[in-house]
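Number of protein chains: 2
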Amino acid sequence: MPAAAFDIATSRPDAAPEFSPRQQVVLQHALTLLVEGGEKALTTAGLARTASCSKESLYKWFGDRDGLLAAVVAFQASQVQFPSEAGATADAETYRAHVAAFVEALLGVLFSETSLALNRLSIGQSNTNSNRLGQLLLVRGKHMISSRARTMLESGRRHGLLKFDNAEDAYQVLYGLAIRDVHVRLLLGEAASPAEQDLKSQAETAVDRFYQLFGA
Amino acid sequence: MPAAAFDIATSRPDAAPEFSPRQQVVLQHALTLLVEGGEKALTTAGLARTASCSKESLYKWFGDRDGLLAAVVAFQASQVQFPSEAGATADAETYRAHVAAFVEALLGVLFSETSLALNRLSIGQSNTNSNRLGQLLLVRGKHMISSRARTMLESGRRHGLLKFDNAEDAYQVLYGLAIRDVHVRLLLGEAASPAEQDLKSQAETAVDRFYQLFGA
DNA sequence: CCACGCCCGAACCGTACGGTACGGTTCCCA
DNA sequence: TGGGAACCGTACCGTACGGTTCGGGCGTGG
Numbered sequence: 001m002p003a004a005a006f007d008i009a010t011s012r013p014d015a016a017p018e019f020s021p022r023q024q025v026v027l028q029h030a031l032t033l034l035v036e037g038g039e040k041a042l043t044t045a046g047l048a049r050t051a052s053c054s055k056e057s058l059y060k061w062f063g064d065r066d067g068l069l070a071a072v073v074a075f076q077a078s079q080v081q082f083p084s085e086a087g088a089t090a091d092a093e094t095y096r097a098h099v100a101a102f103v104e105a106l107l108g109v110l111f112s113e114t115s116l117a118l119n120r121l122s123i124g125q126s127n128t129n130s131n132r133l134g135q136l137l138l139v140r141g142k143h144m145i146s147s148r149a150r151t152m153l154e155s156g157r158r159h160g161l162l163k164f165d166n167a168e169d170a171y172q173v174l175y176g177l178a179i180r181d182v183h184v185r186l187l188l189g190e191a192a193s194p195a196e197q198d199l200k201s202q203a204e205t206a207v208d209r210f211y212q213l214f215g216a
Numbered sequence: 001m002p003a004a005a006f007d008i009a010t011s012r013p014d015a016a017p018e019f020s021p022r023q024q025v026v027l028q029h030a031l032t033l034l035v036e037g038g039e040k041a042l043t044t045a046g047l048a049r050t051a052s053c054s055k056e057s058l059y060k061w062f063g064d065r066d067g068l069l070a071a072v073v074a075f076q077a078s079q080v081q082f083p084s085e086a087g088a089t090a091d092a093e094t095y096r097a098h099v100a101a102f103v104e105a106l107l108g109v110l111f112s113e114t115s116l117a118l119n120r121l122s123i124g125q126s127n128t129n130s131n132r133l134g135q136l137l138l139v140r141g142k143h144m145i146s147s148r149a150r151t152m153l154e155s156g157r158r159h160g161l162l163k164f165d166n167a168e169d170a171y172q173v174l175y176g177l178a179i180r181d182v183h184v185r186l187l188l189g190e191a192a193s194p195a196e197q198d199l200k201s202q203a204e205t206a207v208d209r210f211y212q213l214f215g216a
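Chain order of the listed sequences is A and B.
1 is the number of the first residue of the first sequence in the numbering used here; add one for each residue after it.
1 is the number of the first residue of the second sequence in the numbering used here; add one for each residue after it.
Simulated from the structure, these hints should not be mistaken for lab results.
It is possible that part of the hints are untrue.
[As the list claims (entries may be wrong)] For lysine to aspartate or glutamate, the following EDC-like pairs were computed, each having C-alpha atoms within a straight-line distance of at most 20 Å:
no. : chain 1 : residue 1 : chain 2 : residue 2
1   : A       : Lys142    : B       : Asp181
2   : B       : Lys40     : A       : Asp64
3   : B       : Lys142    : A       : Asp181
4   : B       : Lys200    : A       : Asp169
5   : A       : Lys142    : B       : Glu190
6   : B       : Lys40     : A       : Glu196
7   : A       : Lys40     : B       : Asp208
8   : A       : Lys40     : B       : Asp169
9   : A       : Lys142    : B       : Asp66
10  : A       : Lys40     : A       : Asp66
11  : B       : Lys142    : A       : Asp169
12  : A       : Lys40     : B       : Glu39
13  : A       : Lys163    : B       : Asp169
14  : A       : Lys200    : B       : Asp169
15  : B       : Lys163    : A       : Glu39
16  : B       : Lys142    : A       : Glu196
17  : B       : Lys40     : A       : Asp66
18  : B       : Lys163    : B       : Glu93
Required output: the full structure, derived from the provided sequences and hints.
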């Protein structure tokens, strides 16, 4: 076993994996294969052919197929970034707009084909491999977003715009109002309805209802 | 190809598949294997050994492995049933209790290991096989429940207990308030927190918030 | 100019698993 | 009692894919 094999499980979640440019190109190809054909479409031979690299290099870089999958997840997670919260002090309207923009961005990420493909992959593997992929997706994806959301909501509370006891709880409600069962239905392969594709208005109504529950 | 191969895709969704008792036993074994070890644990040879039947019978009954998986989904869907709505006329408190009971039952089903295993399976396969499993799960599972929920909510509206424009929309909100992102987190392999395991209180708070939004 | 390292492409190996074939047993029904 | 249907257990086949090995090309540094 090469010592340089990719092992995200033991690395710090905030440590950047720092893939080489060549590796990033290969990982992007892997991502494309995954989005197009699901997990079974991502074979080592197929990726080597598509990305014009050798299987030997794949195994040198990523250790084994599981390492490759983990690298794909980590790579894509590193690509996603949310709009950083603008100035901390803001009036009620712009704050609410910030919240709506956050929700819209969240919907945009979760409903993207890339995110769906990676979620399908991780969920499909979640009862094998001691579940590395699921943990990875949760830590690098959901938990990052959740912590970002909590600070946003806490800021709203400090400014007297929102009222709640538990920021995590409030975020979960916001999430539920926005996502409902659409995420799971998309994961199962159902196409989004036209109304569900209008992310902006979806976000608006979710924030409307959120303010009915938690507005000060 | 045997003409009797199991093909749910062309059968009416409300037509009972009617598996023979022997087949039901085998399907129950298959379900157990799936819950314990995920999809890769369900091999034709393994199932034949576990269920003490021959691979030849499996192929005669279900056509091929995909037919077997579809049969497992259909079988389990036929096992789940919700508490049928009690008397149509009810005062406000018992109606609200009905809604809470419905939500609690919904949580109980969705968070069960069996449901999670089948959802993982269907999601993992959702970009192959022209997506039979996902369709099956949606039609026999989610859509059934959703239609049941809509009639329940419509009844509440007729009795002047709830107020909304679109029953489907209202149900989606109720779903989102109750499930939030717990379902996906469980699908990804994260363990439920103690609070999340208290289905009754989870359902109560969800219904509380639902009434804040849609109570008459 | 040579040596070394990196990498590509292709051939190769082992295995796991889907699917099939077949002999033997049990049970039903004429 | 004979024949057939259903079924079990097992052996078998083909293939796809993860993983390894090897030869050759290309750039770099001494």
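Pairwise hint evaluation, B/Asp66 against A/Lys142, where the allowed Cα distance is 20 Å at most: violated, 32 Å
Hint consistency between B/Lys142 and A/Asp181 [alpha-carbon to alpha-carbon, up to 20 Å]: Answer holds: B/Lys142 to A/Asp181 is near 9 Å, not above 20 Å.
Pair hint outcome, A/Lys163 versus B/Asp169 [Cα-Cα no greater than 20 Å]: At roughly 26 Å apart (the allowed maximum being 20 Å), B/Asp169 and A/Lys163 break the hint.
Pairwise hint evaluation, B/Asp169 against A/Lys40, where the allowed Cα distance is 20 Å at most: violated, 36 Å
Hint consistency between B/Lys40 and A/Asp66 [alpha-carbon to alpha-carbon, up to 20 Å]: Judged against 20 Å, a Cα distance of about 15 Å means the pair holds.
Holds or violated: A/Lys40 to B/Asp208, with C-alpha atoms at most 20 Å apart: violated, 44 Å
Given hint A/Asp169 paired with B/Lys200 - CA-CA distance at most 20 Å: holds, 17 Å
Hint consistency between A/Lys40 and A/Asp66 [alpha-carbon to alpha-carbon, up to 20 Å]: Roughly 13 Å between the alpha carbons, so the hint for A/Lys40 and A/Asp66 holds.
Satisfaction of hint between A/Glu196 and B/Lys142, Cα-Cα up to 20 Å: It holds: about 17 Å lies between the C-alpha atoms, which stays within 20 Å.
A/Lys142 paired with B/Asp181 [C-alpha distance capped at 20 Å]: holds, 9 Å
20 Å Cα cutoff - pair B/Lys40, A/Asp64: Holds: B/Lys40 and A/Asp64 sit about 18 Å apart, inside 20 Å.
Straight-line alpha-carbon gap A/Lys142 to B/Glu190, limit 20 Å: Since the Cα atoms of A/Lys142 and B/Glu190 sit roughly 12 Å apart, the hinted pair holds (cutoff 20 Å).
Violation of the numbered hints given earlier is confined to hints 6, 7, 8, 9, 11, 13 and 15; the remaining hints are satisfied by the structure.
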